[in-house]
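Chain by chain, the residues:
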Amino acid sequence: MSDSKNIAVLGNFKDPNKIMHAANKVRESGYTDFDIYTPYPIHGLDKAMGVKRSILPYISFAGAMFGLSNAVFLMWWTGAVDYKLNIGGKPFFSVQFGIPIMFELTVLLTGLATFVALWALCGLPKWYSDLQDDAGFKSAVDDTFVLSIFATDQRFSLETTTKFMNEIGADDVRLIEA
Amino acid sequence: MSVENVTQTGQGSSQEHLTSASYQNNPYPVPDSQREPLVLGNPSIHDVTEKIAGIIEGKANAKYWVAVLICASIAGIGFAAIGETVTTGIGVWGSNNTIGWAWDITNFVFWIGIGHAGTLISAILYLFRQKWRTAINRSAEAMTIFAVLCAGIFPVIHTGRPWFAYWLTPYPNQMQLWVNFRSPLVWDVFAVTTYLTVSALFWFIGLVPDLATIRNYVKGKTAKSLYTFFSFGWTGSMRAWHHYEIAYLILAGLSTPLVISVHTIVSMDFATSVLPGWHTTIFPPYFVAGAIFSGFAMVMTLLVIAREILGLKDYITLKHLENMNKIILATGMMVGYAYSMEFFIAWYSGNEYERTVFINRAFGEYWWAYWSMLSCNVLSPQIYWFKKARRNIPLMFVISIFVNIGMWFERFTIISTSLHHDFLPSSWSYYTPTMVEVGIFVGTIGLFLTLFLLFSKYLPVIAISEIKGIMPGSQPVHHHDEEHHH
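Protein chains in written order, with the working numbering: chain A, 893 to 1070; chain B, 35 to 520.
The set of hints was computed from the structure by calculation and includes no laboratory data. We put the beta carbon where it would ideally sit given N, CA and C, even for glycine. Hints are supplied without guarantee of correctness; some may be wrong.
As the list claims (entries may be wrong) - Chain A stretches covered by chain B per the calculated footprint, using a threshold of three residues with CB under 8 Å from any CB of chain B:
| id | region |
| --- | --- |
| 1 | 988-1000 |
| 2 | 1009-1023 |
| 3 | 1043-1052 |
Kindly produce the complete structure, drawing on both the sequences and the hints.
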């Protein structure tokens, strides 16, 4: 199988404490191109892996500002500039009557921005993964924690990475090729 | 919560659970071991997948399809009635010049209110870190979306020409007219569409990891490709979970003020008018409390049945039902307070018209609607002061139906009694619905139940990944002193 390419070394865990310990070890050993697949979010595991804090809140905030400014502009321009319509002597534009729609459009655009940004940051939708045929990887959405160190990592070498995975307590350490 | 109490209520299996060793690997052994467990029967993480995905993979029996058929037929009656309304005109309704808003707007407010419990459970209880919400949030959120869909039908058909409903949105047109942003009815359009959109996004984000679980579980080819498509290729990557949890928190933070704003704005449809009986400042909080009250009652009605049929008694436990009953009691007291405060203010205002309207509300031609509302909403939940009642399943089913009825009457009372005696005695009138209106309302109930039945079979009724995350031993034990050294 000389033409096949190494993708990653995978190892399974069942105990949340052990995967936590393993994540710390992997990070401390200097690996950066690795991931852990879990059926549910494990508190603090992202920190142990050294995942940088998500920029998602900033995108959501940008969405909020976009929604708010659009609401203000829409109500002001349509009511006080484009077509002034006197209804019961009420002002053509004022902040007070604008509050409900400013609020709703802010929420709407924040929600949409958060939704789009979430999938963009996760790199989804993506209906293919190099690991998708591995049985252990499949059970990561069921009840297994799967640690994967990718071959693209600078420190990756089949021998030492496999040995390292065994040392930190991974079960069924295996190589995935494509 | 002691062992004796659990066994008294008939959940015999839980006794074994409480005395078992399952709590030994609990990260917080002292407080949690004294609490009633959130999941009974001590299942493993894999058992949860088996249970929830098993509902989807299993074949539905004939009874299920009969139920779907009946509900869909009822929905069909509703659509026929809508067809009659649209082709003939809204003159086929019992509404008249004096009572222009009657069943139609009553039903709109009723359904919007039902939706509010879902958002309360999914967002507000999430922010308050109420772990018990995980068993019921998915189905309650589904209910929100279906209820808002039902609600949306009413104002659209009330326009008389629903094909022009898009006039409600601001868009450039050859008449160069814009919508009137000073009108609460326009606020309503924005509030309800935002609510539907954000609730659907929140629901879908919650579903994605579970759909990935289902994708790997189901065998059928079509089913697999559908679940694969909608799971977006979710792998469970912790790097994705990191973004995911933040997105979930942001959406929960957004939905919390949103849900309050929606019913506030619905109440402003009434409160910003100058009509006695509507023109009161208590309406926004009163409507929000009422919405949560009615929504929890509907969640209760459906969950009591669903947990039985789907075999989810270990997941939706008596503890969950009891907690919901506590909320029903609390919000029921709030609406009770609002009812009495309305009367007090009507008297205290010294306004003759206000006073007349409220006396007429309780003792006039619509007395039966008022007293139905009061006995269903204020009196019936009082039984929940007793723990035995809060944990009695047949009783809570009956009370939840009472509350649903009572909350419908609340909206009917507010709308019809305030309108039917206006300032000119010569235009006083009485309203009775026609069969077409009854048909539309019953039809929306059919639509709601059809959608819920389909949801309960084809989507995970319980948030799989969330319930796994709160099970004993599913999270690592944090050694706080150790963490400081890192």
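task: State whether the coverage of the region 1043-1052 of chain A by chain B holds or is violated, taking the criterion as 3 or more residues with Cβ-Cβ distances under 8 Å.
output: violated (count 0)
- prompt: Has the region 988-1000 of chain A got at least three residues whose CB is nearer than 8 Å to a CB belonging to chain B?
  reply: holds (count 9)
query: Counting residues of the region 1009-1023 of chain A whose CB is closer than 8 Å to a CB in chain B, do you get three or more?
result: holds (count 13)
In terms of the numbered hints stated before, the structure departs from hint 3 and from no other.
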